[in-house]
Amino acid sequence: MTSLLKSNTLKFVSSRWSLCGWFSAVLIPPIFLFFTLNAQPEIQAFSEQSLTVYLQFLSLAQLGIILAAASFIGEEFTRSSMRTTLLICPSRIKLMLANGLVILLSTFIAFFLANLLSLLVLANQLSSSESIYSLLFLNHLVQVIPTILSWLFLGLISANLALLFQSLIAPIASLFPLILGLSQMILSFTKLAIYLPDLAVNNLFQLTQHPIFLAPFEGVSVQFIWCLSLAILAGFFFQKRAFR
Numbered sequence: 000m001t002s003l004l005k006s007n008t009l010k011f012v013s014s015r016w017s018l019c020g021w022f023s024a025v026l027i028p029p030i031f032l033f034f035t036l037n038a039q040p041e042i043q044a045f046s047e048q049s050l051t052v053y054l055q056f057l058s059l060a061q062l063g064i065i066l067a068a069a070s071f072i073g074e075e076f077t078r079s080s081m082r083t084t085l086l087i088c089p090s091r092i093k094l095m096l097a098n099g100l101v102i103l104l105s106t107f108i109a110f111f112l113a114n115l116l117s118l119l120v121l122a123n124q125l126s127s128s129e130s131i132y133s134l135l136f137l138n139h140l141v142q143v144i145p146t147i148l149s150w151l152f153l154g155l156i157s158a159n160l161a162l163l164f165q166s167l168i169a170p171i172a173s174l175f176p177l178i179l180g181l182s183q184m185i186l187s188f189t190k191l192a193i194y195l196p197d198l199a200v201n202n203l204f205q206l207t208q209h210p211i212f213l214a215p216f217e218g219v220s221v222q223f224i225w226c227l228s229l230a231i232l233a234g235f236f237f238q239k240r241a242f243r
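In numbering that gives the first Met the number 0, the protein residues as written are 0 to 243.
Keep in mind that the hints were calculated from the coordinates and are not lab data.
Warning: the hint list may mix true and false statements.
[What the hints assert, rightly or not] Simulated DEER-style distance windows between Cβ atoms: (1) Q205 <-> F235: 29 to 37 Å; (2) I231 <-> N123: 45 to 53 Å; (3) S228 <-> P145: 19 to 27 Å; (4) L227 <-> T8: 19 to 27 Å.
All C-beta atoms, glycine included, are put in the ideal place defined by N, C-alpha and C.
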């Protein structure tokens, strides 16, 4: 299992599109936050305004995680290398678990670096007499840390969609539009849209909870159900398929 994890990690870092998505997830929050704070100097670091803006950027950065996970799994099919991979690792369950662990680990590292860089951007806005270790700083962490669950689950959802449809395009074509506004359009037609993978956790990225959306814990639970259901479907068909 250890050698399989090492092999899959190497596969991840050698994938151009996976790295592109990963670096996008790391850099979108701090870069967007930097330009926003400079363009709107009335927004103070670690204020509710800055936190509200930052949470929106964290939500947008999930596009990078979706791209990274979809490319990591989907390129096995576009390059027709799945058969070779299965010759090296005949156990398809182990292969799925190893891929999942690589996605979880890479997502966790991306989330950590994105927040570290963003905290440095915010700290740079403080005067020398102010301390970064303030109640506002602690409040910032309390609000931000739970959003990693959405990053992790959307990464796994993207990977499972890529495995289910044997394509890196399928998860990108379905999840990108949802995050960029399609789910909000669907919500205007039916309230069931709040159970979509992105809207389910909408309140997780909001300081003020909107009653129309699910509570954070409920939203994360819905995302977990999406993830688990797709994993079962993808695993079932992955076990049955023959690769040439």
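Evaluated hints:
1. Distance hint check: the CB atoms of Q205 and F235 are about 36 Å apart, consistent with the given range 29 to 37 Å.
2. For I231 and N123, the Cβ-Cβ distance of about 46 Å falls inside the hinted range of 45 to 53 Å, so the restraint holds.
3. Restraint check, S228 to P145: a C-beta distance of roughly 22 Å satisfies the suggested window 19 to 27 Å.
4. Taking the beta carbon of each, L227 and T8 are about 24 Å apart, inside 19 to 27 Å as hinted.
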